[in-house]
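K.L.:
Sequence:
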Amino acid sequence: MLESKSRSWVEIDLDKIRENFKVMDQHIHKKQKVMAVVKADCYGHGDSIVAKILEEEGVDFFAVSSIDEALNLRNADIKGKILILGYTPAEHFHYLHEHNITQCVMSYEFGKSLSDYALSQNIKIEVHIKVDTGMGRIGIPCQDNNYQIDVVKSIYDLDGLSCAGIFSHFSVADTYDRGTDEAYTMHQIELYQKVLEELKAEGIDYGLTHLQNSYGAINYPELDYDYSRIGILLVGNASNDSQKLKHEVTLFPALVWKTNVACVKTVPKGTYIGYGRNYLTEKETKVVTVSCGYADGMNRQASHHHLEVLLHGKRCEIIGNICMDQFMIDASEVDDVHTGDVVTIIGTEGTETIKIDELSRAANTINNESFCLISKRVPRFYK
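Note that the UniProt record's numbering numbers the sequence shown so that position 158 is 158, with each residue one more than the last.
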């Protein structure tokens with residue numbers, strides 16, 4: 001049992017992350033390898049710690065969102081390849097070659113800027129080219145009505161770049177069962193394949209290939225590119241537990257979130273609770289104030305949506321608005337409650353389990369965001 005050193009804390013089971021990696025490594029095409037996406041501090045689970053154990057399991061490629069995240073991995077002595085999935089400002093280009101970091105090129109303009117810098121330093125910078133097959137975010141458009149294959153080819157010709165790979169990104173690989181989403185995903189695959197075939201026909205060595213994100217890896221495991229980019233699944237969760245999957249996989253949530261009771265009091269019927277006076281007790285109520293709030297990551301939007309937490313193994317509903325540092329629960333059915341007692345926000349007590357998905361549904365968001373909102377002031381303990 002881990003000892004709390006804070007008013008609210010998180011416990012992360014690294015063995016479960018190892019197991020999730022093994023599950024996904026077996027699930028994807030045998031030709032493929034897992035590229036571990038550890039951006040946003042690995043969804044709040046600790047990027048360098050998670051990357052280290054995954055490197056022990058054989059992962060040789062990691063993906064992050066920024067140069068800061070990449071350098072954090074290098075400073076933690078991560079040896080594998082690191083791909084920055086987003087933009088890097090020109091003043092930070094030097095870190096790329098100094099620390100052997102691979103940069104995404106999402107436009108000719110950016111690629112030319114990067115190449116010009118590399119030539120000025122008499123070096124080459126390794127890149128992966130991003131093509132947009134239907135996400136509409138970053139990347140060179142390669143869609144039916146905007147097919148810029150010549151721009152892709154021109155990036156391979158930039159002398160300062162070593163183009164070591166090319167990739168794209170699914171937008172609706174999760175909702176394969178909704179309307180035309182599966183057809184849309186299949187067409188993204190067709191467009192990506194068309195790009196590869198045209199580059200090959202031109203004699204261009206396009207390098208490593210990767211298309212699947214986490215849901216792409218679950219629902220379309222038959223694709224045989226070089227890597228699958230897997231992120232949130234490694235920590236044992238999908239984005240939305242209610243979304244059906246084409247292929248079921250058994251994953252193990254690695255994170256438990258706990259906090260403490262700050263105050264216990266019994267109030268009469270007709271007592272207002274919290275900011276805004278928008279919760280009024282309908283009976284005599286044991287109100288327990290909990291030492292966690294939206295500054296810790298408890299999404300304020302989850303207020304008034306019957307979200308529950310566990311106290312002494314019993315479910316207790318959050319009442320009133322979630323505050324910055326605290327929230328209140330109705331613990332009328334729980335006996336012998338005292339200041340300092342442990343409250344479980346995410347995790348299991350006895351026969352009851354609260355999943356991150358319950359918080360996400362109450363806040364009308366996805367698990368990815370709920371994890372990322374758990375703030376830095378909540379310490380992480382590893383076991």
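Check the hints yourself; a few may be wrong.
[As the list claims (entries may be wrong)] Label pairs and their computed distance ranges (CB to CB):
hint, residue 1, residue 2, range
1, Tyr272, Asp226, 39 to 47 Å
2, Tyr87, Arg315, 40 to 48 Å
3, Gly86, Asp226, 43 to 51 Å
4, Glu317, Gly270, 39 to 47 Å
5, Gly340, Asp226, 20 to 28 Å
6, Lys383, Val337, 42 to 50 Å
7, Lys383, Asp181, 50 to 58 Å
8, Gly58, Gln301, 48 to 56 Å
9, Tyr272, Asp181, 39 to 47 Å
10, Pro89, Thr180, 36 to 44 Å
11, Gln26, Gly179, 50 to 58 Å
12, Gly276, Ile123, 54 to 62 Å
13, Ser332, His187, 36 to 44 Å
14, Thr339, Gly276, 23 to 31 Å
[Said to hold, decoys possible] List time: in silico BS3-like cross-link candidates among lysine-lysine, alpha-carbon distance up to 25 Å:
hint, residue 1, residue 2
15, Lys200, Lys265
16, Lys269, Lys246
17, Lys246, Lys265
18, Lys355, Lys31
19, Lys16, Lys376
20, Lys112, Lys124
21, Lys265, Lys16
22, Lys355, Lys79
23, Lys314, Lys39
24, Lys31, Lys265
25, Lys269, Lys244
26, Lys79, Lys52
27, Lys286, Lys22
Because the hints were derived from the structure by calculation, they are not lab data.
For glycine and all other residues, C-beta sits at the position ideal for the given N, C-alpha and C.
K.L.:
Indicate, hint by hint, whether the structure satisfies it.
P.N.:
Evaluation of the provided hints:
At about 59 Å, the beta-carbon gap between Tyr272 and Asp226 misses the expected band of 39 to 47 Å. For Tyr87 and Arg315, the hinted distance range of 40 to 48 Å is satisfied, since their beta carbons lie about 44 Å from each other. Hint check: Gly86 to Asp226, Cβ distance near 21 Å, so the stated range 43 to 51 Å is violated. Here the CB-CB span from Glu317 to Gly270 is close to 18 Å, at odds with the stated 39 to 47 Å.
Range check, Gly340 to Asp226: about 52 Å between beta-carbon atoms, so the 20 to 28 Å window is missed. A hinted range of 42 to 50 Å for the beta carbons of Lys383 and Val337 is inconsistent with their spacing of about 27 Å. Between Lys383 and Asp181 the C-beta distance comes to about 39 Å, which lies outside the given range of 50 to 58 Å. For Gly58 and Gln301, the hinted distance range of 48 to 56 Å is not satisfied, since their beta carbons lie about 40 Å from each other.
Our hint of 39 to 47 Å for Tyr272 and Asp181 holds, since their Cβ atoms are close to 45 Å apart. At about 38 Å, the beta-carbon gap between Pro89 and Thr180 stays in the expected band of 36 to 44 Å. Taking 50 to 58 Å as the suggested C-beta distance range, the pair Gln26 and Gly179 does not conform, at roughly 31 Å. Take Gly276 and Ile123: their Cβ atoms lie about 58 Å apart, and the range 54 to 62 Å holds.
Under the hint 36 to 44 Å, the C-beta atoms of Ser332 and His187, about 55 Å apart, miss the expected range. Checked against the hint of 23 to 31 Å, the C-beta distance between Thr339 and Gly276 comes to roughly 26 Å, which is consistent with it. For the proposed pair Lys200 and Lys265, the alpha carbon gap of about 72 Å is over 25 Å, so the pair is violated. As the CA atoms of Lys269 and Lys246 are separated by approximately 49 Å, the hinted pair breaks the 25 Å bound.
Distance check on the hinted pair: Lys246 and Lys265 sit about 49 Å apart at the alpha-carbon level, beyond 25 Å; violated. With a C-alpha separation of about 34 Å, the suggested pairing of Lys355 with Lys31 is violated against the 25 Å cut-off. At roughly 22 Å between alpha-carbon atoms, Lys16 and Lys376 fall within 25 Å of each other, so this suggested pair holds. For the hint linking Lys112 to Lys124, the alpha-carbon distance of about 12 Å falls within 25 Å, and the restraint holds.
Taking the CA atoms of Lys265 and Lys16, the gap is near 38 Å; set against the 25 Å cutoff, the hint is violated. About 34 Å separates the Cα atoms of Lys355 and Lys79, which puts this hinted pair outside 25 Å; it is violated. Between Lys314 and Lys39 the alpha-carbon distance is near 35 Å, which puts this suggested pair outside the 25 Å criterion. Pair hint Lys31 plus Lys265 does not hold up; C-alpha atoms about 60 Å apart against a cutoff of 25 Å.
For a cut-off of 25 Å, the pair hint linking Lys269 to Lys244 is broken: about 43 Å separates their Cα positions. A hinted pair counts as satisfied when its Cα atoms are at most 25 Å apart, and Lys79 with Lys52 qualifies at roughly 9 Å. For the given pair, Lys286 sits about 45 Å from Lys22 by alpha-carbon distance, which is inconsistent with the 25 Å threshold.
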